[in-house]
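Asker: Sequence order for the protein chains is A and B. First residue of the first sequence: 1, per my numbering; consecutive thereafter. First residue of the second sequence: 1, per my numbering; consecutive thereafter.
Hints are not guaranteed to be accurate.
Unchecked claim - List of simulated lysine-lysine pairs, DSSO-like, C-alpha gap at most 27 Å:
| id | chain 1 | residue 1 | chain 2 | residue 2 |
| --- | --- | --- | --- | --- |
| 1 | A | Lys169 | B | Lys94 |
| 2 | B | Lys62 | A | Lys182 |
| 3 | A | Lys182 | A | Lys56 |
| 4 | B | Lys62 | A | Lys169 |
| 5 | A | Lys56 | B | Lys62 |
| 6 | A | Lys67 | B | Lys5 |
| 7 | A | Lys122 | A | Lys69 |
| 8 | A | Lys67 | B | Lys134 |
| 9 | A | Lys91 | B | Lys134 |
| 10 | A | Lys117 | A | Lys50 |
| 11 | A | Lys67 | A | Lys169 |
| 12 | B | Lys115 | A | Lys69 |
| 13 | A | Lys104 | B | Lys77 |
| 14 | B | Lys94 | A | Lys126 |
| 15 | B | Lys94 | A | Lys69 |
| 16 | A | Lys75 | A | Lys50 |
| 17 | A | Lys104 | B | Lys134 |
| 18 | A | Lys117 | A | Lys135 |
| 19 | A | Lys56 | A | Lys104 |
| 20 | A | Lys122 | B | Lys94 |
| 21 | A | Lys56 | B | Lys116 |
| 22 | A | Lys91 | A | Lys169 |
| 23 | B | Lys62 | A | Lys173 |
| 24 | B | Lys134 | A | Lys135 |
| 25 | A | Lys64 | B | Lys134 |
| 26 | A | Lys50 | A | Lys91 |
| 27 | A | Lys69 | A | Lys169 |
| 28 | A | Lys182 | A | Lys75 |
| 29 | A | Lys117 | A | Lys173 |
| 30 | B | Lys5 | A | Lys117 |
| 31 | B | Lys62 | A | Lys67 |
| 32 | A | Lys67 | A | Lys128 |
| 33 | A | Lys56 | A | Lys91 |
| 34 | B | Lys134 | B | Lys116 |
| 35 | B | Lys5 | B | Lys62 |
| 36 | B | Lys94 | A | Lys64 |
| 37 | A | Lys56 | B | Lys134 |
| 38 | A | Lys67 | B | Lys94 |
| 39 | A | Lys122 | B | Lys62 |
| 40 | A | Lys69 | B | Lys134 |
Source of the hints: derived by calculation from the structure; they are not laboratory data.
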Amino acid sequence: MFNLVSRAQAVSNHVLTCSMILGALVAISSLIQLYSNNVWGLNNSIENIKANASLKNSFQYGSKNGKPKENSIIKFDLETDLSSLFNWNTKQVFVYLTAEYPGKSEESYNKVTYWDKIITNKEDAKIKLSNQRAKYSVWDVEDSFRSRIANLTLEWNVQPHIGPLIYGKTVTKTPFTFAEVKTKKTTNNQ
Amino acid sequence: MNLRKQITQFLAFAYIFTGAYMTWRALGIIANTHSPIVVVLTGSMEPAFQRGDVLFLWNRHKINNVGDVVVYETSTKDIPIVHRVLREHHNPNKQYVLTKGDNNLVDDLSLYGRKKNYLTQDDIIGTVYGYVPKVGYITILLTENQYFRFGIFGLMALSSLFQSE
Numbered sequence: 001m002f003n004l005v006s007r008a009q010a011v012s013n014h015v016l017t018c019s020m021i022l023g024a025l026v027a028i029s030s031l032i033q034l035y036s037n038n039v040w041g042l043n044n045s046i047e048n049i050k051a052n053a054s055l056k057n058s059f060q061y062g063s064k065n066g067k068p069k070e071n072s073i074i075k076f077d078l079e080t081d082l083s084s085l086f087n088w089n090t091k092q093v094f095v096y097l098t099a100e101y102p103g104k105s106e107e108s109y110n111k112v113t114y115w116d117k118i119i120t121n122k123e124d125a126k127i128k129l130s131n132q133r134a135k136y137s138v139w140d141v142e143d144s145f146r147s148r149i150a151n152l153t154l155e156w157n158v159q160p161h162i163g164p165l166i167y168g169k170t171v172t173k174t175p176f177t178f179a180e181v182k183t184k185k186t187t188n189n190q
Numbered sequence: 001m002n003l004r005k006q007i008t009q010f011l012a013f014a015y016i017f018t019g020a021y022m023t024w025r026a027l028g029i030i031a032n033t034h035s036p037i038v039v040v041l042t043g044s045m046e047p048a049f050q051r052g053d054v055l056f057l058w059n060r061h062k063i064n065n066v067g068d069v070v071v072y073e074t075s076t077k078d079i080p081i082v083h084r085v086l087r088e089h090h091n092p093n094k095q096y097v098l099t100k101g102d103n104n105l106v107d108d109l110s111l112y113g114r115k116k117n118y119l120t121q122d123d124i125i126g127t128v129y130g131y132v133p134k135v136g137y138i139t140i141l142l143t144e145n146q147y148f149r150f151g152i153f154g155l156m157a158l159s160s161l162f163q164s165e
């Protein structure tokens, strides 16, 4: 009964059970900490939004069949403090600036990312940007953004060392209007 | 040679394998996906996910939000890809999704294949909701390192020899 194999089996079973329980405890404790820090009520300030639009002819910018595509880009000021998202089970925080806007029909909905950042330590979690250029040039499923109004929100995703992925957003929404493409000349100098 | 003992041993093995397979399938039914647990194979989501990390998937929601990490398959690559949703456009019937790896410079447009500008729900295997680090590395070793594979098989064979004494 007590040969090497069965002993090894018993030990590895025990290690497995212990590490599973430990992992669960770590995940739960970090969730409790996030709740007690009230991370779902964090504030941000997004100001000074300057929207711009241009026509792009490349496939990489959403152009299809050689038809130029309207691309939107913004510049913005951003200030927020995400350091309370960091605890002992936080591997990284992915923070992203989204814009949501309505589509053609009542029920349709669009959401795009303009800017994002990977934060891996608490010291970098205080974000202050001024006149930051969007990381992505954004195009719509439709041909044009048609000067609709979009709402900017700063959202975050906590990537744990072990456990569930946690999502949330800061509470403030900042509206802006999509820019229109300036006439004629812009199409030539792409 | 004790035939009864051999058969009991074989049965025990069969129990383990069928048990594991049934758990896998049950998880798949609960999460509505053909692979409820996946192992990360590339570094395009580093430092969030590294090679060998294990991800748990869920596929019962209709809409994937921007920021969700999804696993999808395309015709251009044979391995499933784990990337984050960069944009989404939906109405009650259909959703279009554009993805990008956190660690990549550009979005996945060129991965989708010819004439395909967005992913739809059919391409997506599931959305990542849970994460366990590194444990899946053993499957990478088993599939990609033949020394490790033969080593493990050899050990199993040896142990079965000693066990039958």
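Asker: It remains to establish, for every hint, whether it holds in the given structure.
Answerer: Status of each hint after checking the structure:
no. : hint                   : in the structure
1   : Lys169/A with Lys94/B  : 25 Å, holds
2   : Lys62/B with Lys182/A  : 38 Å, violated
3   : Lys182/A with Lys56/A  : 13 Å, holds
4   : Lys62/B with Lys169/A  : 21 Å, holds
5   : Lys56/A with Lys62/B   : 32 Å, violated
6   : Lys67/A with Lys5/B    : 73 Å, violated
7   : Lys122/A with Lys69/A  : 40 Å, violated
8   : Lys67/A with Lys134/B  : 46 Å, violated
9   : Lys91/A with Lys134/B  : 14 Å, holds
10  : Lys117/A with Lys50/A  : 20 Å, holds
11  : Lys67/A with Lys169/A  : 36 Å, violated
12  : Lys115/B with Lys69/A  : 15 Å, holds
13  : Lys104/A with Lys77/B  : 34 Å, violated
14  : Lys94/B with Lys126/A  : 38 Å, violated
15  : Lys94/B with Lys69/A   : 22 Å, holds
16  : Lys75/A with Lys50/A   : 5 Å, holds
17  : Lys104/A with Lys134/B : 45 Å, violated
18  : Lys117/A with Lys135/A : 9 Å, holds
19  : Lys56/A with Lys104/A  : 22 Å, holds
20  : Lys122/A with Lys94/B  : 39 Å, violated
21  : Lys56/A with Lys116/B  : 18 Å, holds
22  : Lys91/A with Lys169/A  : 18 Å, holds
23  : Lys62/B with Lys173/A  : 25 Å, holds
24  : Lys134/B with Lys135/A : 31 Å, violated
25  : Lys64/A with Lys134/B  : 41 Å, violated
26  : Lys50/A with Lys91/A   : 33 Å, violated
27  : Lys69/A with Lys169/A  : 30 Å, violated
28  : Lys182/A with Lys75/A  : 17 Å, holds
29  : Lys117/A with Lys173/A : 19 Å, holds
30  : Lys5/B with Lys117/A   : 60 Å, violated
31  : Lys62/B with Lys67/A   : 31 Å, violated
32  : Lys67/A with Lys128/A  : 38 Å, violated
33  : Lys56/A with Lys91/A   : 38 Å, violated
34  : Lys134/B with Lys116/B : 33 Å, violated
35  : Lys5/B with Lys62/B    : 51 Å, violated
36  : Lys94/B with Lys64/A   : 20 Å, holds
37  : Lys56/A with Lys134/B  : 42 Å, violated
38  : Lys67/A with Lys94/B   : 24 Å, holds
39  : Lys122/A with Lys62/B  : 35 Å, violated
40  : Lys69/A with Lys134/B  : 43 Å, violated
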